[in-house]
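We have chain A already, so just place chain B on it with the hints.
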Amino acid sequence: MIVVVLSIVIGLMMVVLFGYTSDQKAIGIAKDQLKAHLLAVRLFRDQLPVVMGSYGKILRGTGRYLKLAFKPLLYVIIPITFLIVQLDRYLGATPIPMNIPFLLTAQTTGPDALNNLSIELPPEITMTAPAVHVAADNEVVWRLAGAQSGRYEIKINSGRQSATKVICIGDNLARTSPVRLQDQFWSRMFYSAEPALPAGSPVKSIAVNYPEREIDIAGYGMNWIWLFFILSMIAGFIFKELLGIKI
Amino acid sequence: MNIYGAGIPARRFEPSITMFGAGIRARRFGSPIRAEHFSTWRVLSKNRIASRNPRIASALLIAFILLPSLAHAYAGPGAGFAVLSSFWAIFVAFLYSFYALATWPFRQLFRFLRRRNAYGKAKFKRAVILGFDGMDPDLAERFMNEGRLPNLAKLRERGTFSKLRTTFPAISPVAWSTFMTGVNPGKHNIYDFLARDTSNYLPFLSSAEIKGPKRHIKIGKYSIPFGKTEIKAMRKGTPFWHWLGKAGIFSSVIRVPVTFPPEKFPGVLLSGMCVPDLKGSQGTFCLCTTRSSNDKFREGGVRVPMQRENGVCRSYVPGPENPLAEGAGELRVDFEIRPETNSQQARIAIGSEKITLKVGEYSEWIPVEFKAGLGFNAHGICRFYLKSVDPEVEVYVTPVNIDPGHPDLPISHPVTYSIYLAKLYGPYATLGLAEDTWALNEHVLDDDAFLAQAYGNHEDRERMLFDALEKTKQGLCTCVFDTTDRVQHMFWRYLDNDHPAARDVPRDERPQIIQDLYQRMDRLIGRVMSQIDENTLLMVISDHGFKSFSRCVNLNAWLHQNGYLALKDNKSESGDWFEDVDWSRTRAYTMGLNGLYLNLKGREKQGIVDPSEAEALKLEIQKKLNSLVDPSSGAVGITGVFITGNVYRGPYTENAPDILVGYGAGYRASWDSVLGKVTSQIFEDNLKAWSGDHCIDPRLVPGVLFSSHKFAEEKPAIVDVAPTILQLFGLSLPSHFDGKPWPLAAPAGS
Chain A
0 MIVVVLSIVI GLMMVVLFGY TSDQKAIGIA KDQLKAHLLA VRLFRDQLPV VMGSYGKILR
60 GTGRYLKLAF KPLLYVIIPI TFLIVQLDRY LGATPIPMNI PFLLTAQTTG PDALNNLSIE
120 LPPEITMTAP AVHVAADNEV VWRLAGAQSG RYEIKINSGR QSATKVICIG DNLARTSPVR
180 LQDQFWSRMF YSAEPALPAG SPVKSIAVNY PEREIDIAGY GMNWIWLFFI LSMIAGFIFK
240 ELLGIKI
Chain B
0 MNIYGAGIPA RRFEPSITMF GAGIRARRFG SPIRAEHFST WRVLSKNRIA SRNPRIASAL
60 LIAFILLPSL AHAYAGPGAG FAVLSSFWAI FVAFLYSFYA LATWPFRQLF RFLRRRNAYG
120 KAKFKRAVIL GFDGMDPDLA ERFMNEGRLP NLAKLRERGT FSKLRTTFPA ISPVAWSTFM
180 TGVNPGKHNI YDFLARDTSN YLPFLSSAEI KGPKRHIKIG KYSIPFGKTE IKAMRKGTPF
240 WHWLGKAGIF SSVIRVPVTF PPEKFPGVLL SGMCVPDLKG SQGTFCLCTT RSSNDKFREG
300 GVRVPMQREN GVCRSYVPGP ENPLAEGAGE LRVDFEIRPE TNSQQARIAI GSEKITLKVG
360 EYSEWIPVEF KAGLGFNAHG ICRFYLKSVD PEVEVYVTPV NIDPGHPDLP ISHPVTYSIY
420 LAKLYGPYAT LGLAEDTWAL NEHVLDDDAF LAQAYGNHED RERMLFDALE KTKQGLCTCV
480 FDTTDRVQHM FWRYLDNDHP AARDVPRDER PQIIQDLYQR MDRLIGRVMS QIDENTLLMV
540 ISDHGFKSFS RCVNLNAWLH QNGYLALKDN KSESGDWFED VDWSRTRAYT MGLNGLYLNL
600 KGREKQGIVD PSEAEALKLE IQKKLNSLVD PSSGAVGITG VFITGNVYRG PYTENAPDIL
660 VGYGAGYRAS WDSVLGKVTS QIFEDNLKAW SGDHCIDPRL VPGVLFSSHK FAEEKPAIVD
720 VAPTILQLFG LSLPSHFDGK PWPLAAPAGS
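Chains A and B, in that order, give the protein sequences.
Each residue of the first sequence is one higher than the one before, counting from 0 in numbering that gives the first Met the number 0.
Each residue of the second sequence is one higher than the one before, counting from 0 in numbering that gives the first Met the number 0.
Any given hint could turn out to be false.
[Stated by the list, open to error] The calculated DSSO-like cross-link candidates involving lysine-lysine, where the alpha carbons are at most 27 Å apart (straight line), are:
hint, chain 1, residue 1, chain 2, residue 2
1, B, K604, B, K235
2, A, K56, B, K472
3, A, K24, B, K357
In short, the hints are calculated from the structure, not lab data.
Owing to the predicted nature of the structure, the values given are computational and were not obtained by experimental measurement.
So here's chain A without its partners, still in its complex pose (with noise of 0.2 Å):
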C-alpha cells in the first residue's frame, strides 16, 4: 500500500517538476514533428527515398528530443535518485527475523589486523557459530542472531580503537543499512544509511546482509522498486494528461 501512494505522489511530482522544468512548446513542437516523420513514413511508403530521408529525420528529431528531455531529466531525476536511495533503505529490505541466523562481516584494511579483531555483543544478539576468518579478503564472519526486536549496535574492536554497527531485529518496516563504510562518500550516500567509520580505523567496513523484501504480487515476489516503477508510470500518465504536459 505503501508503495502504491508513493508511486502515485512521486508520479505527480516528477510530472510537476518535468513540467516547469522543461520546454514544454519546444518539446511538444519535437514530438509532434516525430510523428509527422513517422506518418510520412507510412503517407509515401512506395517512395524509397521519402522514407529513408524521413527515417533520417526520426533520427535527427529523437536527438533533438532528447536534447530538450536533458534539462527537466537532470532536475528530475538528482531529487528523485536520492530519494528512491533513502526509500530503499526502509522498502528493500526487512529487518533480520528473531532467532533467524545472519552473517555480520568486518573487513579490515589489512591482515595484520584480522587477528585482533574482537565483538562485543549486546545481550538480545548471540553468537551461533565461531568466527570465521577469511585471510584472503581481510575479512572475518560472524554468525549472529537476534532474540528480540529492535535496534542494536554490536562493537568490534581492534586493538584500542572500536568500530559500531546498527543491527535492525524484527519484523517491522525499519531503516536498515546494510554496511557502514570508512570514507568513500559516494558509495556511503548510496549503499549505507550510517556515519562514516573513523578515519584511520583498521575496520574498513562492517556490513549485514538483511533478506531483501519482497512484495507479492499474484504469488510473484517482487522488488518494491519494479512495482514502483510500474505504478509511477502509470500515475505519471494519468497526471500528465490530466495536468496537459508534455514529457
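Just chain B now, kept in the frame of chain A:
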C-alpha cells in the same frame, strides 16, 4: 470568388460532432524494460551487498550521467516517458523502414507487372501545377513589362505565357472542377457555389452535402446520434490524378477547390475551397464586444456580447449546434479577457490556453473543444484578434476551423495527411474560404488585419507546397493558392481609378497591395523554380482573371420591372430569398452569381412556364438582357447572355441554370440579387471593400497560363489541363474528356 462575395449563406450543415475522424492520437506505450529480478536472499553470500544496493546505485548514477534511457526506469514518469517515446519512435520507424525496404522490390515488381512501368512513356518525371486563383493575365503582363515579376518573365521567355480560357461561368468552383476533371460543367455538375432547391427556391451548397446520422437514441434529455455522418460529394467526374494513380503515378494535391469530401486515390490530398467550418457554414466569424449594439451583420458573422465585471470581460466562441438535444442551441467555449489599457494589450484565457495580445495583433491558432456531453466533442481551432481595449473591449474571432490535427470530418486523403501536416507545421486554416473577406466588408477587420490573416494562411500553404515538392520527386504535385483571389477581390478599389469604395482615398495615398501580391507570388515561383530540373514540367495557371466591380446589377429587379417576376400584393420590393415573390405569376428568377432560372412547370414546385414555351422565353430574355445599358453612364452592363443548352453538354445539364448572364467589365450581380432579393433599383454603386470580381462575361476574364516548357497551342483552355497532363505522362485519354491536350512545341532550332 468567394461565397461571401455573393453574400450568400451556405446551408447550415449538421454539426460535425462525430468521433469518426479517428485521428491518430499520440500513442503511449508501457515500459520495454525487461525486469532483471533481484536475486533471492541467500544466507551465505559475501557478494550480497554488492548484488543489490550497488545495482540500484550504479544504475541510478550511470543513468543520469550516461544513459538517460535507463534513468526513467527509476525516475518513473517524470523523466522517462520522454525517452521512451523517442525510442518508441525509432523502433516504429525501424519497423516501417524495414518493412518498406524489405517489401519495396516486391511492390516494385508488382507495380511493374500491373502497370508496366508507369513512367515508361512519360515526357516528364514530374509535373508541378501551381494554381493562383484569379491571377489576371493582363495585370501579370503589365507587371512583367514593368520588370516587377522576373521569375514569371523567365517562364514567359523560356516556356509559355498565354491567356487561359475559363469556364461558363467564370467562378472558381466551376473552373477548378473543370480543371481537375477535364470536362464541361454539364459533366461535373458544378455551376456555381450554390444550387437551388426546386421544391422551395432556396439555395444549397453545390459541392457537398452533409447529413447527420439518420437514427437517434433518446435517453432522458439526450438524443444520441447513432451511425455515421454522411458526406456526399456533389461534384461528378473523375479528377485526373485518379487516372494517374491508376497508372501507378503518385500525386500530392493541396487545396484544390471542390475536393471536399476527399476521395480515395493513390496519393495524398488536402481539401480546399468548400470545406466547412465547425458550425457547418462556409465561415462564420465572431465579434465579441462590450459595445452594446443591436446591429447584425448582413452575413458571415455574428456579434457576441461581452460582459465586463471587476475588470474581467467574459464572452464565448459560438460553435456548432448541440447534436444531443434538439433545440438546445449552439455549443459554446467560454473565455475571459483581462484588458490592460495602459499597455494596450489584453490577456485572454480560453480552456488551458493563456495568451497575451497587443491591440492589432493576432494570436496563433488556438484549439477549442466544444463539449456536448456524453463524450461528444467537436474539435476546432480559431485565432483571436484584439481590436481594442479602451474604451470598449473588442475581439474578433476567426471562423472555427476544423482542427487538422484532430479532424472531426475528413478533410484529407488519407485522413492522416491533414494530421501529418499539422504535426509537421502546427495548426493551419482548413476552412475552404479561409480568408475572412466578409469581416473586412463589415469593417470588423481593417485592411492590415485582413492582409495579415490572408498572408498568414498563404505562408502555411507555401510550407505545404515545399513539403509536397520534397516528397513528390516523381508524379504530380499541385497546389492552389487562394490569396491571389481574395486580395484582388478586396483591394481592387485601390487599383481602379475611380472605384466608389475608394473615392475618399487620394490616388497618391493608395497602397500598392495588388502589385505587392503579384510580386510575392513571383518570388514563390522563383523558389519553386530553384527546386526543379529539366525533367519537371512547371505550370502556373489561374482559373479566371479579374476586373473591377464598381457597379451592381439587380437582375431580379430587372426581371420584376420587365414583367417576368411578380411580387405579392403589388409590393415594389422583396426580402431575401424571394420572400415576397408571387410564384404563381413569376416566369423567371435569379439567385447566385450568374444563373437565371425559368419557373418551369414540372420542375419548380410552383412552376408556371410550360416546357413547350421555355425556349421561346429564354430567347426573349436573352434578347432583352443582352447589351443592357447602365443609364448613369451609358456603359453596357451585360455583354453576353448565354442559353445553357447551347453551352453545356452532359448528363447533369438539367441541374444547370437556364441562362447564364455575362456582366460587362465593372459590373456584377448585386449583393441583393444574389440573395434572391428584389429591389426597386436595377443599377447601384458597389461601396464594399469587395471591389474586384470575375463573375462576369467569361470572355472578359480569362485565366493565365505559364509553363516552363513551351506548348504549341494558341488558345489553351482550363478544360485542356487534365488531358494535357495525362498525355504528358504517356496515358491514353478517357473518351468523355472535353479538353484537348496541348502538344509540346518543338525545341528551338529543330
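We went through each hint and held it up to the structure:
1. Simply put, K604(B) and K235(B) have alpha-carbon atoms about 25 Å apart, close enough for the 27 Å limit, and the pair holds.
2. Note on K56(A) and K472(B): the hinted pairing holds, with a Cα-Cα distance of about 18 Å set against a maximum of 27 Å.
3. For the proposed pair K24(A) and K357(B), the alpha carbon gap of about 21 Å is at most 27 Å, so the pair holds.
Going down the numbered hints, you'll see the structure goes against none, and every one checks out.
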